[in-house]
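As you go down the protein sequences, you meet chains A and B in turn.
Residue numbers for the first sequence follow the working numbering, so the first one is 731 and each next one is one higher.
Residue numbers for the second sequence follow the working numbering, so the first one is 40 and each next one is one higher.
By construction, these hints were calculated from the structure, which means they are not laboratory data.
Possibly wrong hints are sitting among the right ones.
What the hints assert, rightly or not - The calculated DSSO-like cross-link candidates involving lysine-lysine, where the alpha carbons are at most 27 angstroms apart (straight line), are:
no.	chain 1	residue 1	chain 2	residue 2
1	B	Lys-40	A	Lys-787
2	B	Lys-94	B	Lys-107
3	B	Lys-40	B	Lys-130
4	B	Lys-107	B	Lys-40
5	A	Lys-813	B	Lys-94
6	B	Lys-92	A	Lys-787
7	A	Lys-787	A	Lys-813
8	A	Lys-808	A	Lys-787
9	B	Lys-92	A	Lys-813
10	B	Lys-107	A	Lys-772
11	A	Lys-808	B	Lys-94
12	A	Lys-813	A	Lys-772
13	B	Lys-130	B	Lys-92
14	A	Lys-772	B	Lys-130
15	B	Lys-93	B	Lys-130
16	B	Lys-93	B	Lys-107
17	B	Lys-92	B	Lys-107
18	B	Lys-107	B	Lys-130
19	B	Lys-93	A	Lys-787
20	A	Lys-772	A	Lys-787
21	A	Lys-808	A	Lys-772
22	A	Lys-787	B	Lys-94
23	B	Lys-130	B	Lys-94
Stated by the list, open to error - Residues of chain A clear of chain B, computed beta-carbon distances all greater than 10 angstroms:
no.	residue
24	Val-773
25	Glu-774
26	Asp-793
27	Phe-795
28	Ser-796
29	Met-819
30	Leu-827
Where a beta carbon is used, it is the ideal one built from N, C-alpha and C, also for glycine.
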Amino acid sequence: EPEVTQTPSHQVTQMGQEVILRCVPISNHLYFYWYRQILGQKVEFLVSFYNNEISEKSEIFDDQFSVERPDGSNFTLKIRSTKLEDSAMYFCASSVLSTTGAHTFGSGTRLTVV
Amino acid sequence: KNEVEQSPQNLTAQEGEFITINCSYSVGISALHWLQQHPGGGIVSLFMLSSGKKKHGRLIATINIQEKHSSLHITASHPRDSAVYICAVRKNTGTASKLTFGTGTRLQVTL
Chain A
731 EPEVTQTPSH QVTQMGQEVI LRCVPISNHL YFYWYRQILG QKVEFLVSFY NNEISEKSEI
791 FDDQFSVERP DGSNFTLKIR STKLEDSAMY FCASSVLSTT GAHTFGSGTR LTVV
Chain B
40 KNEVEQSPQN LTAQEGEFIT INCSYSVGIS ALHWLQQHPG GGIVSLFMLS SGKKKHGRLI
100 ATINIQEKHS SLHITASHPR DSAVYICAVR KNTGTASKLT FGTGTRLQVT L
């Protein structure tokens with residue numbers, strides 16, 4: 731069964747450093763998403779991406795965040811200057827259609843900012 | 040107030056018990072999803088519903104669009120069902136298909 735692949739599974743970084751989280755969505759999917767889950771809290775939407783541009787972003791997705799699909803297969807989330815409160819599990823997801831929101835999720839990257 | 044509310048927050052059951060997890064939402068939706076999150080953190084999609092009822096193995100999901108309510112049932116529960124079960128909705132406003140999540144129900148099934 732096709733999978734969404736995320737790397738790394740766990741990343742530890744120092745406050746102020748830049749991190750790039752990587753995702754390989756399912757090849758025939760058209761919509762891509764990043765979500766995050768702070769420990770003990772619910773999953774929150776960050777950004778959706780379609781046709782090589784951001785289609786929607788949340789208020790969490792401020793100027794320190796950016797997304798890119800550099801080579802037609804990878805989908806990356808960059809955090810420019812990490813803060814302690816960026817520590818969370820970050821999930822990538824992809825979907826074929828937009829009307830129902832059917833997502834396939836990656837296994838997540840646990841980001842720890844120290 | 041959360042747009043998606045789940046109950047209970049925590050649930051402990053003995054093996055073999057019938058389990059019900061509830062989800063209520065306050066917005067118009069085009070679909071509702073039930074997801075399973077295991078202790079390692081990964082999220083697996085169980086069901087996507089826009090009406091009626093779906094069944095997969097020991098899992099049954101129902102939705103009542105008029106009442107804005109969905110339930111996830113597990114028959115003959117087993118310790119391997121222990122996980123967090125999350126309700127998420129796709130709102131019918133806007134063009135993006137993002138999901139809005141509930142806070143999850145933590146299920147522990149004991150022998």
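Results of checking the hints against the structure:
Using a Cα cut-off of 27 angstroms, the hinted pair Lys-40(B) and Lys-787(A) holds, with the two alpha carbons roughly 21 angstroms apart. Distance restraint check for Lys-94(B) and Lys-107(B): the Cα-Cα separation of roughly 20 angstroms lies within the 27 angstroms cut-off, and the hinted pair is therefore satisfied. Proposed proximity of Lys-40(B) and Lys-130(B) is supported: the alpha carbons are some 16 angstroms apart, at most 27 angstroms. For the hint linking Lys-107(B) to Lys-40(B), the alpha-carbon distance of about 16 angstroms falls within 27 angstroms, and the restraint holds.
Taken as a hint, the Lys-813(A) and Lys-94(B) pair is broken in the structure, with Cα atoms around 43 angstroms apart against an allowance of 27 angstroms. For the given pair, Lys-92(B) sits about 32 angstroms from Lys-787(A) by alpha-carbon distance, which is inconsistent with the 27 angstroms threshold. Proximity of Lys-787(A) to Lys-813(A) is assessed by CA-CA distance (about 19 angstroms); at most 27 angstroms being required, the pair is judged to hold. In summary, the hint linking Lys-808(A) to Lys-787(A) is supported, as the alpha carbons are separated by about 14 angstroms, within the 27 angstroms threshold.
Between the alpha carbons of Lys-92(B) and Lys-813(A) the distance comes to roughly 44 angstroms, so the proposed pair goes past 27 angstroms and is violated. About 20 angstroms separates the Cα atoms of Lys-107(B) and Lys-772(A), which keeps this hinted pair within 27 angstroms; it holds. Distance check on the hinted pair: Lys-808(A) and Lys-94(B) sit about 39 angstroms apart at the alpha-carbon level, beyond 27 angstroms; violated. Of the pairs offered as hints, the one joining Lys-813(A) and Lys-772(A) holds, with about 20 angstroms between alpha carbons and a cut-off of 27 angstroms not exceeded.
The hinted pair formed by Lys-130(B) and Lys-92(B) meets the criterion: a straight-line CA distance of about 19 angstroms does not exceed 27 angstroms. Simply put, Lys-772(A) and Lys-130(B) have alpha-carbon atoms about 17 angstroms apart, close enough for the 27 angstroms limit, and the pair holds. Restraint check: the Cα-Cα separation between Lys-93(B) and Lys-130(B) comes to about 20 angstroms, which is no more than 27 angstroms; the hinted pair holds. Our distance criterion of 27 angstroms between C-alpha atoms is met by Lys-93(B) and Lys-107(B), whose separation comes to about 17 angstroms.
The hinted pair formed by Lys-92(B) and Lys-107(B) meets the criterion: a straight-line CA distance of about 14 angstroms does not exceed 27 angstroms. About 12 angstroms separates the Cα atoms of Lys-107(B) and Lys-130(B), which keeps this hinted pair within 27 angstroms; it holds. Proximity of Lys-93(B) to Lys-787(A) is assessed by CA-CA distance (about 32 angstroms); at most 27 angstroms being required, the pair is judged violated. Distance hint between Lys-772(A) and Lys-787(A) is fulfilled; the C-alpha atoms sit about 17 angstroms from each other, no more than 27 angstroms.
Between Lys-808(A) and Lys-772(A) the CA atoms are separated by roughly 22 angstroms; this keeps the pair inside 27 angstroms, and the hint holds. Restraint check for Lys-787(A) and Lys-94(B): the C-alpha separation of about 34 angstroms exceeds 27 angstroms, so the hint is violated. At most 27 angstroms may separate the alpha-carbon atoms for a hinted pair to count; Lys-130(B) and Lys-94(B) meet this at roughly 23 angstroms. The claim that Val-773(A) lies off the interface is violated: its Cβ sits roughly 4 angstroms from the closest Cβ of chain B, which falls inside the 10 angstroms cut-off.
Residue placement check: Glu-774(A) does not keep its beta carbon more than 10 angstroms from all beta carbons of chain B (closest about 7 angstroms). Chain B leaves Asp-793(A) outside its interface by the beta-carbon criterion, the shortest separation being 20 angstroms against a cut-off of 10 angstroms. Here Phe-795(A) stays apart from chain B, with its beta-carbon at least about 15 angstroms from theirs, past the 10 angstroms limit. Against the 10 angstroms criterion, Ser-796(A) stays outside the reach of chain B, whose nearest CB is about 18 angstroms from its own CB.
The Cβ of Met-819(A) sits about 5 angstroms from the closest Cβ of chain B, inside the 10 angstroms cut-off, so the non-interface label is violated. Distance check for Leu-827(A) against chain B: the nearest CB is about 7 angstroms away, which does not clear 10 angstroms, and the non-interface claim fails.
This entry does not satisfy hints 5, 6, 9, 11, 19, 22, 24, 25, 29, 30, going by the numbered hints stated previously.
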